[in-house]
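Same order as they appear, the protein sequences are chains A and B.
The first sequence runs 24 to 467 under our numbering.
The second sequence runs 24 to 467 under our numbering.
None of these hints come from the bench; they were simulated from the model.
Everything numeric in this text was worked out from a predicted model, so none of it was measured.
Some hints here could point you the wrong way.
Same chains, same names: a pair is fine if it fits in one copy or spans any two.
[As the list claims (entries may be wrong)] The calculated lysine-lysine pairs, modelled on DSS-like cross-linking and capped at a C-alpha distance of 30 Å, are:
(1) 240 x 27
(2) 36 x 213
(3) 203 x 431
(4) 299 x 374
(5) 374 x 287
(6) 36 x 317
(7) 213 x 237
(8) 459 x 27
(9) 317 x 240
(10) 163 x 181
Number of protein chains: 2
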Amino acid sequence: MYEKVIELLEQKKYHELKSMLADMNEADIASVLMELPQETLPLVYRILPKELAAEVFVNMESDAQEFLIKAFSDSELREVLDELYVDDAVDIIEEMPANVVKRILMHTDPVVRKSINEILKYPEDSAGSIMTIEYVDLKKYMTVDDAFTRIRRTGVDKETIYICYVTDDNRKLLGLVTVKDLLLSDKSKKMFEIMETNVISVTTLEDKEIVADKFQKYDLMAIPVVDQEERLVGIVTFDDAMDVLQDENTEDIEKMAAITPTDKPYLKMGIVETWKKRVPWLLLLMVSATFTGKIITSFEDALQAQIVLTSFIPMLMDTGGNCGGQSSVTIIRALSLGDVRFGDIFKVIWKEFRVALLCGVTLAIVNFGKLMLFDRVGVLVSLTVCLTMLFTIVFAKFVGATLPILAKKIGFDPAVMASPFITTIVDAISLIIYFKTAGLILGV
Amino acid sequence: MYEKVIELLEQKKYHELKSMLADMNEADIASVLMELPQETLPLVYRILPKELAAEVFVNMESDAQEFLIKAFSDSELREVLDELYVDDAVDIIEEMPANVVKRILMHTDPVVRKSINEILKYPEDSAGSIMTIEYVDLKKYMTVDDAFTRIRRTGVDKETIYICYVTDDNRKLLGLVTVKDLLLSDKSKKMFEIMETNVISVTTLEDKEIVADKFQKYDLMAIPVVDQEERLVGIVTFDDAMDVLQDENTEDIEKMAAITPTDKPYLKMGIVETWKKRVPWLLLLMVSATFTGKIITSFEDALQAQIVLTSFIPMLMDTGGNCGGQSSVTIIRALSLGDVRFGDIFKVIWKEFRVALLCGVTLAIVNFGKLMLFDRVGVLVSLTVCLTMLFTIVFAKFVGATLPILAKKIGFDPAVMASPFITTIVDAISLIIYFKTAGLILGV
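This is chain A alone, in the form it adopts within the complex (with noise of 0.2 Å):
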């Protein structure tokens, strides 16, 4: 598809060109365009048709974006901004340098302007910053031939049409009727008598997260947002509660592997941000894993009596890490779609008590004869080695287990709660159980 696009480029065929996009879905023509050496993309971009290049221009990424209306002239600034719903001009504009932003909503309609200058104020991840004002409205005397005279004459600029909401002269919001009930309604039935009075509503500063969540369990198509009077002020569409619900996940992924989350992709991010995400946890984590270290020099007798104990650190600390890690993220994202909740707690750790005791078992037995045949060790070293593990095995499957749970209880992210802090605690105690072990069992 890129080769063909620079090809025509090349040999200046721009009316085969137009004649080629107009033909291509928007995401495709956005992910095309941004291929293409950024000195050429006011050129393609003005080749397409009118109504097609303000849904390219929302597929693309900031930095086109950016590059694209410094390269506009006002009035080509004004044609796209026209075609935007207030939603993603939202998006635009939070991605954008000041000087950017001043000229767009300069170019942009007063009334739009308002409203974006409203959704603007309300905190990142809100529900209020994520929604869209464009909804259709109706009251509930109006019969269904009213409402799709309305829907006829609105709907056009609206980001759905198939939710629509009754609202109260105070913009209270009564009830919601979709266009299905109207098409499925005889023509002269009210809107009070057939709409849906048990409405989902988010409000406007609740975290986005509980949108997506609602999407989720609801199976719902938008989401009204309404204030704290209640009073409807947006909606959310399911296409938004999608991206908001992939980025949950990226942020959770991030967490759990000990970044601080970024919503930027991650070839856009620049080295020194890559880095102050990374290092303070970095940072946190190596000096807690001193204390280890501490734990290692304080058996040090015990080591120089039986040095070959010391090749079997790295093993037992991995295993202990990897068998804390896999309870802690199975119960982390238990906890965040909510498959456990605090309360079950004890069922968890009773649960994992008996895995890790399954677990500790078999690895202890593989291990026994694998030191007996084929690094003959002796039964003794050996012994120590394996117990050791079954009740490292053990404590970390607890640890990880709990960790999470504790966290969200006292309303920290259970994600941090991941392999790296678990690996730490539990390096530490394993140790103390093998020296503790090995002064039992080997008299060292």
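Place chain B on chain A using the hints.
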């Protein structure tokens, strides 16, 4: 909510209970019902208003569904089945034991039974296995008015009426028309005049992950599923795509923690089943970690000479693992979001190299200060530890960033190349670096 239901049940205030439930959302009712003592479940379920009952049923988990089906009379079962969408029926059947499946199919309408059997034949995780066959299909010479008549006549049983598909006499997909298009068009227009012919679709055998990706990329409300001859056989709607997205994320997260993925909720998994998902990876990683032990053994003399070196092993190994884990998880996620491709491998390596230098220098400096001021281990030992740290970090980030990309290239799942595997590799190399550096600087 739950307490209130229990209270009304105990007082046998069934009428009050009914009107309370009638005002609730089906997903909420399902949550409450699943928490009830199982023997009261059929009683409460029978109290539900007819039209709600089937919707509540769909929202319950499979064990509660199974219990209910067993309690149903034949006519009750038939009533519920009549209300189900085909894709929901398939989801339910997939979770039931053989005798229940037989009973369900026996009481299903023969036409629907045929469709269910068709869908059950598609491979697990394919687009065909998650589609529904209930869509609105139109013909190209129908007018807008004809289309509305058809939607009004058949729409009540369709999972979505908002996207209608135009097919020819052989069911070949020609285009799509949205209800928005229909509402905003002249009533006498024909479908071929207003339909969108450039339709994004999937084939029955494509992976459901691709379905979810297309919803994300193109902001779709539904996607048509076609067979090898491009005939329309079904559609997937956005709510199902959102579920697929969540499942895929859970799968990736589990793989990153060295667990074989499962789609069962945590508390529904048996102990032995959980053990089976975890222990093979633990065994594999344990055996790999013994190589790290071998490296320690081969440098036993150096350790005997400078026993203090032992105490830094955990910190060096953990830091290496954490650094590698950060890079691998970042790249795995970027690959899965499509932010990074194989062609970017050198860009990624160059970026990770510079980030690693920054992180390595930061950590080495902090550590050097700590070793000199607090641990007072002498300049040469401090230098050995800090240089090892720097080299290990650079190596760990290189391995962490490249292995997932290479895994994907050769058709492996990159998610497996996360912290546990990277840690095992980095551990071994960090020890070699450590002892070589010690040999050079300390002469041991």
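Hints, verified against the model:
1. 240 x 27: between (44 Å within a copy, 22 Å between copies)
2. 36 x 213: neither (56 Å within a copy, 34 Å between copies)
3. 203 x 431: neither (41 Å within a copy, 44 Å between copies)
4. 299 x 374: Classified as between; 14 Å across copies, 39 Å inside a copy.
5. 374 x 287: between (38 Å within a copy, 15 Å between copies)
6. 36 x 317: Answer is neither: 72 Å inside a copy and 66 Å across each miss the 30 Å cutoff.
7. 213 x 237: Within one copy only: 29 Å inside, 39 Å across.
8. 459 x 27: neither (70 Å within a copy, 54 Å between copies)
9. 317 x 240: neither (49 Å within a copy, 52 Å between copies)
10. 163 x 181: both (20 Å within a copy, 27 Å between copies)
In the structure shown, a violation is registered for the earlier hints numbered 2, 3, 6, 8 and 9, in ascending order.
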